[in-house]
Structure formats: structure tokens, C-alpha cells
Amino acid sequence: MDIDHMIDLDVYPTKVLYDIVGFADKIYRNPEAYAEAAKGKIMATLFYEPSTRTQMSFQTAMLRLGGSFIGFDDPQNSSVSKGESLKDTIRVVSGYTDIIVMRNPMEGAAQAASLYSKVPTINAGDGGHLHPTQTLTDVVTLFNKKGRLDHLTIGVCGDLMHGRTVHSLIKTMSRFEKNNFVLISTPELGVPQYIKDIMDAGGCSYREVNTLEEAMPELDILYMTRIQRERFSTDQAYLAQRGVYILDRKKLRRAKEDLCILHPLPRVDEITVEVDDDPRACYFEQAECGVFARMALILRMLETPKRALKPARPSTHPVDCANPRCITRTEAYIPKSFFESGDMLVCAYCENRQLI
Amino acid sequence: MDIDHMIDLDVYPTKVLYDIVGFADKIYRNPEAYAEAAKGKIMATLFYEPSTRTQMSFQTAMLRLGGSFIGFDDPQNSSVSKGESLKDTIRVVSGYTDIIVMRNPMEGAAQAASLYSKVPTINAGDGGHLHPTQTLTDVVTLFNKKGRLDHLTIGVCGDLMHGRTVHSLIKTMSRFEKNNFVLISTPELGVPQYIKDIMDAGGCSYREVNTLEEAMPELDILYMTRIQRERFSTDQAYLAQRGVYILDRKKLRRAKEDLCILHPLPRVDEITVEVDDDPRACYFEQAECGVFARMALILRMLETPKRALKPARPSTHPVDCANPRCITRTEAYIPKSFFESGDMLVCAYCENRQLI
Amino acid sequence: MDIDHMIDLDVYPTKVLYDIVGFADKIYRNPEAYAEAAKGKIMATLFYEPSTRTQMSFQTAMLRLGGSFIGFDDPQNSSVSKGESLKDTIRVVSGYTDIIVMRNPMEGAAQAASLYSKVPTINAGDGGHLHPTQTLTDVVTLFNKKGRLDHLTIGVCGDLMHGRTVHSLIKTMSRFEKNNFVLISTPELGVPQYIKDIMDAGGCSYREVNTLEEAMPELDILYMTRIQRERFSTDQAYLAQRGVYILDRKKLRRAKEDLCILHPLPRVDEITVEVDDDPRACYFEQAECGVFARMALILRMLETPKRALKPARPSTHPVDCANPRCITRTEAYIPKSFFESGDMLVCAYCENRQLI
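Residue numbers (the working numbering), protein chains in the order written: chain D, 1 to 356; chain V, 357 to 712; chain H, 713 to 1068.
Next comes chain D alone, as it looks inside the complex (with noise of 0.2 Å):
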């Protein structure tokens, strides 16, 4: 099972994620079975904007299959920000190290590292595009929790119009056989219709609601995540409405006895404290189980064998990528290249879509 890069979850068939949520599970009912696996390998972590959480996970990992880690996450102090480019910067370290992992603010930006790597490289976040192993650290818990992938009723609550990490999670989890998605959130606020049209792709139904309390009878699996003030219409708006979007005693009260409340964290105050202790709270489960997706995953791509460095496809249209925050409008060596899809040009890097 090849994984010579994860970048984009979405670009592996199903077959290649039941196998690492498998080996999750396998590694989790026997981590000591793995403790050497990775002995001798060198991860990087290179984090050019700091994410603790993800950093510790990873490093976590790194140390549980006997392997070790070296890396940056403050670029502010380091030399990385004294110009160098992601290139050097890539094609050094994957010189050093065996595996690497990579955030970074820019859109496109585990892409572009990709041509350049001589080692299997990790989106650990590229801006606010992607960040592929939050979603498999969810799919992981399902299992955990769940047995299954399928069949499951999803509510997914917060600012579904913005929130990444729910469009991920809705497009992977649509991939499995009779998923059903509850949309909880403000009018404003819910899926766009691209998210909708892979929901209904996948043969998957659902159903947008307005409150928590409304959808929670039905739900298997309860995904919460924010909305910031911000995002609501008006202030007044936001003061009517926030206790409709947070998850306390007094909601959990009309929801099954074998619920899973999920979380990505960190949590401001969608959740509140006293939910910590029930039961049906698996948030901090979902972190551990972030650690043993990540473990699976790394033990999957160092078996890859080393490939030569494939070039990007070069481009046909002489344009740039609209995107500001693209990587290739930051380091200019790289070569454009998009796909055509109907009339919309798709950036190879960020996915932004242009007309043509």
C-alpha cells in the first residue's frame, strides 16, 4: 500500500484508509508490538507557524515507534527565515532525515515541498487548505468508538460554512456506505453546496437543522466545533444564539446512551467543563487516537519505497494563481500548474479555482 506522500487525503482510494485505520486499531490494542518499528528513522518537524498540539502529536509518534525527531517551530528566530527558500530548506532536510512533516501557513505548500523531498513528506497543516491527518485522526476514533465507518447518523454543529476541518471530515466520512449527516447551524453559517453535492455523490442523506437539541436524538456521532462571534449575522444575532451551539448537561439530556461527542481542540467554549466527565465525551480519547493514526500513517509511508523526485505537471496557461496566500506567490521558482475543471482553472497547489 503506497503512500509516497500525504498531502490531500482525498486523492488515496478508500482501500488505502480502511488499511490505516486498521493498522491504527491494530497498533492500539498492541503499541508494544510497534515500540521498535521506527527505530533509527529520523523525523523533521518543521513548523513554520507553531501548532503545539499537532507538533507533540506527531514527535509523540515519532518516539512510540522508537524513532526520534529533530526540527523547528519558531522560523521567527531561526535562519529558515533568513531567506532561505522551502526548496533548499527541503531538499537539505530530507537529506538529514527519513520522514517530514510540515506546517505551514501558506496555501499549496506541503504540494510544492513534495517535489522536492527525497523522503515522504506529511501536510501537517498548509494554511487553512488542508491538514489531512485531523481528519484520519478522526476516522480513527470512529472506529475506535464505533466498530464501524458506516451506517452511522453524524451531527456535525458549529460554522459549517467556514470550518475545514468539518468539510473534510464530511467528504472522507461520505466515501462509506449509508452515512446520514445532521447540519446543525445558523442559516448563514451551513455546508456550502460542493459539500452537499459530495454528500449526495456518496449516496449519503442529511438533513440541516437550526439547534442542537433538535438533532441530538438521532445522533451517533455528535462533531462539535466553533463559531466565532464574528461569523454570526449580527451581534444581536450572537447574543441570541450562542447557547444554541453549545453542548452542556442539560442537551446531552435527550441524546443515546452510546453517543460520541468529538472534538478537534482545542476547545474555547462550545463544550462546557461539565461534559468532561460523561462518559460520552471522547475528545480527549480522539486526541490519543491522533497519536496512533499518526503512528500508522508514518509506519505506512517509511515502507514506501524511495521513489525518484517527480516534477510537477507543467502548466498550459500562462497565468498565476489568484490566491494570495498560494505558496507559488511566495516562492516564484515554482512551477505553475493547474488542472481544467469544466470552465474553472484549479491550482495544483492550493485548489484555488479560476476561470479560465
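Hint data in this document are derived by calculation from the structure and do not stem from the laboratory. Every value quoted in this text rests on a predicted model; they were computed, and no experiment measured them. A couple of the hints might just be wrong.
[To be verified] So the derived list for chain H, only partly shown, Cβ under 10 Å to chain D, looks like this:
1) E748
2) S1053
3) G1054
[Said to hold, decoys possible] With a cut-off of at most 25 Å between alpha-carbon atoms, the simulated PhoX-like pairs for lysine-lysine come out as follows:
4) V/K395 <-> D/K41
5) D/K336 <-> D/K118
6) H/K738 <-> D/K306
7) V/K501 <-> D/K145
8) V/K395 <-> V/K501
9) V/K501 <-> V/K371
10) V/K397 <-> D/K39
11) D/K145 <-> D/K256
Each residue gets a CB set at the ideal place from its N, CA and C atoms; glycine is no exception.
With the hints as your guide, set chains V and H onto chain D.
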């Protein structure tokens, strides 16, 4: 010998202290025997304020036991500062690691963390409150140099009014038979009454002197700390007296041949550099002993069987802690908890005392 | 082959250099054989100013030998900046670890540290003074690519007046038989006279040219470095000449088939990105060779038996070093020490020369 958390050395009986000191000595004599004693174990070093020395001492201890570590030391740059509660960080990190070492500027933070940690937790300093492994280091060093912990004449020099390190050392050494303290300070910066009460209760004698020189001839141990300029009553007093509390080669002339000079480090100018070459200068060896002290503590804590989380004893007094630096003032979800002591309420976290 | 400290490559005889280069080559050919050669050993990486690349190279080397590391790279945030002397930090850290790697902005800092370190100490850059493992990396790379260190025609391009890296490389390569240097620079930024004297003394020929193109056909090695805009005599000169010192595909047309292009990295624009795909571009392999060079050095130093601390040779001249960036100017306790050289006094730390 169960040590579930190490928040405050004083809550453990003397036999626990003897056990750790003896174990540290055993490791000191044969470190190779413990080179893989913590193999496969991960320590988290969560430093909410930087303390490079303490952090390096813990990390060295863990590496010398064959373990490894993750963590952070600059929460300004880390996502931990993005509003995550102490509880959530501890819950997540205790799902990643086998032991947690935390330094935090808020008083009582370590006690609060222990409510939420599934793994043994060590207080590496909670504001100006406690720093038990510094005292453990001091005691391990004393035993290493003197072969005993009792019947010692111990000089402590510096700001004895405010010095946490000195208070903690006196409290701990007062547990052992017939120790005799010489308290060297300005009259204004003498030890507080409650410390005198502790020496009395322990059957230890003490006397207060105003110069290093008059104390010198009788001392087995001299524990040096700093008096900061701003602690003198006037600038005039500072200029007149500063030299009195600086240890130099001249003052050492009247000292015993086997005097043992300690200092918690970092020093500024309270010991002159020329003293470093005197065989009685033990402060650098003291730093080394700190590694063995921490190795012993870590191993004992890793051996302690896991227990269920113990909730805080709920308060029967509906008040807030009056200490503005108490962790309960910034983390509102932490259950208030007080002990009664005469007509005082003592905060179970920061030990601040207020009238009932 | 005893190497107690590595402060300055020049103080070691050529046979030591050959030994390290040969050993690095041996490790390069069979790294698995050394995967546990430093097991249980701890390296301290004390970076008083950040240098992510150098730090990662040392850390990778230690991990590839089965060792581990502690350290800091941002003393701004660390308690090290709270007024602790270099001496105290080195004394403490050399009690924790088995080998110290230090980078420090003050010139002579590594030499000073070696006075107080109980363990082998490596200079990873002391201000603008020395950086011996960069030169070691260069030499190991040359041997790796060319199979010899003599009878080579070596072009060095850039600011040859101020370039520490280039001076150090010329000094070292002048030790080997019949090397021939081509010095490529503007007339104003040519090598200083004392470097010419060294080449003469080593029996190495050299010539100075003003363009990359005229040098190209005869070169076995081309060592590229940067000329900073502010080094040109006028802005006009910069705009007129900048392209002359930029290596691009066109200039390579006249180069030998087996030219080896090196660069200490990071590059800015002195080598165009298109050159990276040329098989003669060896600068990324050079970074990899740096890991093997450091592995060899670390192992040799760990093998060296411990010695007692050697005090500085006391100065017979009651003067201060005139160099404001000398470590003796900020750390007053360091004993002054000078060598006489003709009518000059040479500081034993920073090598600054002043009239007697």
C-alpha cells in the same frame, strides 16, 4: 513507595524522602545499571515560562534513563497560548506521555494539573510557591557530600525573608535529627516566624547572625543565595553591607576543611569566581546531583501504579482565593478547595491564607 | 588520535584532518555500522544565537549515532539570558552531557568555554571568527566527490575579502599538495594578503580573475558564496556587475563535465534554481556530507580520554583585547591571554591582533 504526583515535598513522610535520596545515591554509584530503566517512556516538559536549567536537568535525567521527551518552553509562540485551558492541555498531554513535568507562573498550578492528569505529574516550579525538585536536589547533594542528613550545622545566607529555596530547605532539613541552623542575613531579611516554629517543632537549634564571617568557623554546610539590592532597607544600607554577604576566598579562611558550599544557581555575584577553584565549592556538583535526584524521582513515580483521577475536595466556604497569582483566579473551572487552619482558610492550591 | 576540543581546525595536524575525512567516508559507506556508536551519550546544543541548519546537522549526526541531545536555541527566552556567566553554564552543562556544541555571537567564546568544560566542546561558530565544522564539511565533500584532497583546481567566488568560510577553506586546502586556486571576485573584494601568504607557504598556486566565465573551463571545484550588495564600491558597480558573479546554466556551458559546485548554504540568488538539476550541482549533497563529517568528529571526540581542565596561559601583558566583540570584553572573569607574534599581541580567544 507510591508517589503519584510530586507537587509538594512536605506531604510525603520522611521515609519517602530517605528512599529517594538513597535511590539517587545508588544510581549515582552505578548509572549504567539504569541506562534503560525508562526505555520507551516519554516525559512531557511543559514550561509555561522558560527555565532552561531546570528543563535541561529533567531532560538529561530522562535521557540517562533511556527515555525521551516532548514539550514546549515558550508558550508565547505556541498554540497553547491560544486560549486552551490548563485542564485540556493536561488531559491531552497525559494521553500522550508517561510523566509530566510542568513549570507555570501561577501559584497552585501544579496541584490543579494533578487533578486532571492521568500520569504522574511533577511540579517544576509554580510561581513563587513551590519547587520540590530543587529541595530534593539540595538534600541529595548533602547526603552525597556528607553521608548523612542529620547532626549537621547548616548556614543559610541571603534574603531569608523571601527566599523560597531557603524556606523549603529549612523545612525539609528540620525533619532530621539535631540539625543546627545558622541564619545569616540582615536583621530586616531574617526568616519568618513560621519557619522558626518549624525548626523548633523539629527539635533543631538555630541562631541568627549578621555576617558570614562570624558564622563561618562552625559550618558543615553553607547554602548561599542572593540578596537583591532592592531588598535592603536603603541604598545606603546596600552599599555599606553588600560585601558582608558575598563569599570570597578571604572569608573562607576561617571555614572548616570539609565545609560544603552550595548554591541553587544561577549565581550573580554572591560567590566570587575565585572560590570556584576551592575544593569546598560544591555548587556545580550540586547541579549534577540534581540529575540523579530527578532520575530517582522519575523512576519511583513511573513504578507507582496508576490510579483513577481524584477530584478536588470541594470547598464548604463559598469564597474565592484572595491570592491574585493563584491558578484558581485565571482558570475559573477549577473547583475551589480550602483547608481550615485555626481561624484561617488555606487554599488547597496556592496555600494562601485568609481569615474565615 | 586525540581531539579534546574542536575550536579551530588549524591547530590540528594534517594527519588528524585525514583521519576525520577518512573516517567520515567510512561512515558514509556503511552508516548502519555506527547506528549505536554513541548510544547512551548526550550532546548539548547551546545556541546563543539561532542557526537552525547547523543545529539540525549536529542533532542529526548525534541521532544517526544512536545518541540524543538537549539544549537551547533561543537564549532570549531562556533563563540563560538572566545574567548567568558563560563559565557557569558550561560548568553545569558539562556535568549533564557528554559533548557540547556551542554557537555564540562573541568571538573567542568557544575557546573560553573550553577552559571550563569537562567534556569535549565543538565550536559551531563564534561570531565572525571560526566555524571549523563548516570547513570540515567542505573537505569531506571534496574527498567524497573527487576521491582526493590534492592536485585540484579550486575556484572560489564571491566576497573573498570578508568571507570567513572561504578563508578557512583556502587555509585548509593549502595544506595539501599542489592545489591551485582561482580567486573570482571584484578587485575591491579580493583575498587579503595573509591568505595569499598562506597559499604561497603551502606551495599552492593561485590567480585572481574578475569573472566566473574566464575561470570556468579549468575548474575541478567551484565554491560559490555571496557578494552582498553593500560590499560593492557603489550601487552603480553593483548593478553593472551583479550578474557576473551569479552562476547560471549559461556560464556552466564552458565547465568541465566533472566540475563539482559547492555552496555553504543558504544561498540567496548567487546560483540560479535551474542549476540545481545539473548533475554538477553538489551543494545539497554537501549538506548531507556535513552530517557524516560531524558523525566522524563526534565519535573521535567521544573516544578521546578525559583530561583535567587546562587553565588559560596567563598573560604577561597587562592589557585588554582591543576587539569589542571578543568574549573577554563581556565576561570579565576570563583570564586575559595573548601570544606574541612579531611586534603584535594576538588574543588567545578571538585572535585579534594589536601592537605590543
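Numbers of the earlier hints that this structure fails to satisfy, in rising order: 2, 3, 7 and 8
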